[in-house]
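Colleague: Residue-level listing of the chains:
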Amino acid sequence: MIEVKNIQKKFGDKTVIQDVSAVMKAGQCNLIIGASGSGKTVLMKCMVGLFVPDEGEILYHGQNFTSMDAKAKTEVRKEIGMLFQGAALFDSLTVEQNVMFPLDMFTNWPVKKKLERVNEVLNRVNLVEANRKYPAELSGGMKKRVALARAIVLNPKYLFCDEPNSGLDPQTSLVIDKLIKEITIEYNITTVVNTHDMNSVMEIGDYILYMYQGNKEWEGTNREIIFSKNQRLNDFIFASEFLKDAKDMRMLEETGQIPNHRNMDILTGNDPGNIHRPGKG
Amino acid sequence: MTIFSDIGRYLLMIKGMFSKPENGKMYWKEFMHQCAEIGVGSLGIVAIISVFIGAVSTIQTAYQLVSPLIPPSTIAQIVRDTVILEFAPTLVCIVLAGVAGSRIASELGNMRVSEQIDALEIMGINTKGYLIMPKIAAALLMIPLLVIIAMVLGIWGGRLAGAMANILSGSVYDRGLLENFVPYNVIFALIKSYVFAFIISSVPAFFGYFVQGGALEIGRASTKAVVVSCIAILFADYVLSALLL
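Chains as they are written, first to last, in our numbering: chain A, 1 to 281; chain B, 1001 to 1245.
Only chain A is shown next, with the shape it has when bound in the complex (with noise of 0.2 Å):
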């Protein structure tokens, strides 16, 4: 679990977060969105400790983090995987060698037992094949998995992705979303995701955090999402028409006014049980 206390941060005169407060839970992917320059990254770096915030604090199972010396931060730091927006390959090295990387740099491990845990990762991200391959060879979901890869190759407790599906197409974006979805649950990972991608908050977000102009707007999630009042939330996430008739066609179906495969077996009585439905707290 990660708990973000009053964070602020300024840039001169410049207040880009503003007292923003968060508890980011474990097994969960917790999304943080907003327009560009809602100080969605710069959050996400004070979390991960690029950038030292102003104010507040940033507590990782309960330990302070922000006021860490730089040898406990250290420590923090080898449980976090990171997936950058331009995936942060190392040119100079081979698919195999990236996601190998972080175990030859922390890990005694011989070489058949890393190279059996780098395979493990790249199938798990479903990249075959691509062992031997350069990333100036890979498309850009082929990277972002590379890069998935690599940050859960030492399994984890805290993954943190900064614009997963930026620059991707929609289908291949589905297929990250899911992978970090898949992965959150299967390790039981702390996920913190940046995103403006719509089909992520609606797909994978467990938690979401609404930033707007250096402050936490609003807060809930991806149910709730649909039925909020916010007009600043509403103007950002529905901002076309065919997002407001999505919206409206949702909500029927979350009221059960019309059925749909998200809703049948709720109608049915066949309720899996981890669908929050308004009404039923």
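Hints are computed from structural coordinates only; laboratory data are not their basis.
Remember, predicted model here, so these are calculated numbers, not experimental data.
Heads up, some of the hints might be wrong.
Below, in silico cross-link-like pairs of lysine-lysine (DSSO-like), each with a Cα-Cα straight-line distance of 27 Å or less [what the hints assert, rightly or not]: (1) A/Lys-73 / B/Lys-1128; (2) A/Lys-73 / B/Lys-1025; (3) A/Lys-78 / B/Lys-1015; (4) A/Lys-78 / B/Lys-1029; (5) A/Lys-10 / B/Lys-1020; (6) A/Lys-78 / A/Lys-178.
Place chain B on chain A using the hints.
Modeller: Same frame as chain A, now just chain B:
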């Protein structure tokens, strides 16, 4: 004010390099890689420049020494001392500032812009220690070796040119090399090469490591790194000559 803050950041960067390596083997591997890049990668250009500098020195010295009272072996003495004292350490290091320095700046700049340095930081790796320290250590090892090679090849180039142009025979040249030889000159040249090696590796590393922006800024940082390194080398050359000669 910018120059003072840059010097401060440069010193903090140097201080930040010194920490216990996360994995000694990986640091060693990176050090060896940098030795190959800086040393072997620059050997060709250093060899070519050295031979021609020695050759040109012999011809130009002979052109200026027209008096019959001066023995031809003096040409060899002048070429030897010029190559050892100035051409091998200073000129070669200025060329290396362009070859190795720009490579270091652009490599680190590219890693910064593409968030590779951030990725290493997130993993809990001291990026200054892992990325900059091996470069400086490799430069401190390889550049003095390159300078020694440059001295040998420069003097040999002078001998070759002297014989080919019928200025002086090989035996006269060899005799001249042994006359009035001061071993301290070699030590002085090596001291200079160590100082220049530190400049060539650390200054471009600073400009590359702290680059902000995109591809254009990487190019600018690379150019600036070479220019500042060359100026620093010339300044250090003057200071060391004034202090040690």
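Colleague: Decide, hint by hint, whether the structure agrees.
Modeller: Okay, the hints, checked on the actual structure:
At most 27 Å may separate the alpha-carbon atoms for a hinted pair to count; A/Lys-73 and B/Lys-1128 meet this at roughly 16 Å. Of the pairs offered as hints, the one joining A/Lys-73 and B/Lys-1025 holds, with about 23 Å between alpha carbons and a cut-off of 27 Å not exceeded. The suggested pairing of A/Lys-78 with B/Lys-1015 holds, with an alpha-carbon distance near 23 Å, which does not exceed 27 Å. Only pairs whose Cα atoms come within 27 Å are accepted, and A/Lys-78 paired with B/Lys-1029 is accepted, the gap being roughly 21 Å.
Restraint check for A/Lys-10 and B/Lys-1020: not satisfied, since their Cα atoms lie roughly 32 Å apart, outside the 27 Å limit. Pair hint A/Lys-78 plus A/Lys-178 holds up; C-alpha atoms about 25 Å apart against a cutoff of 27 Å.
In this structure, the one hint that does not hold is number 5.
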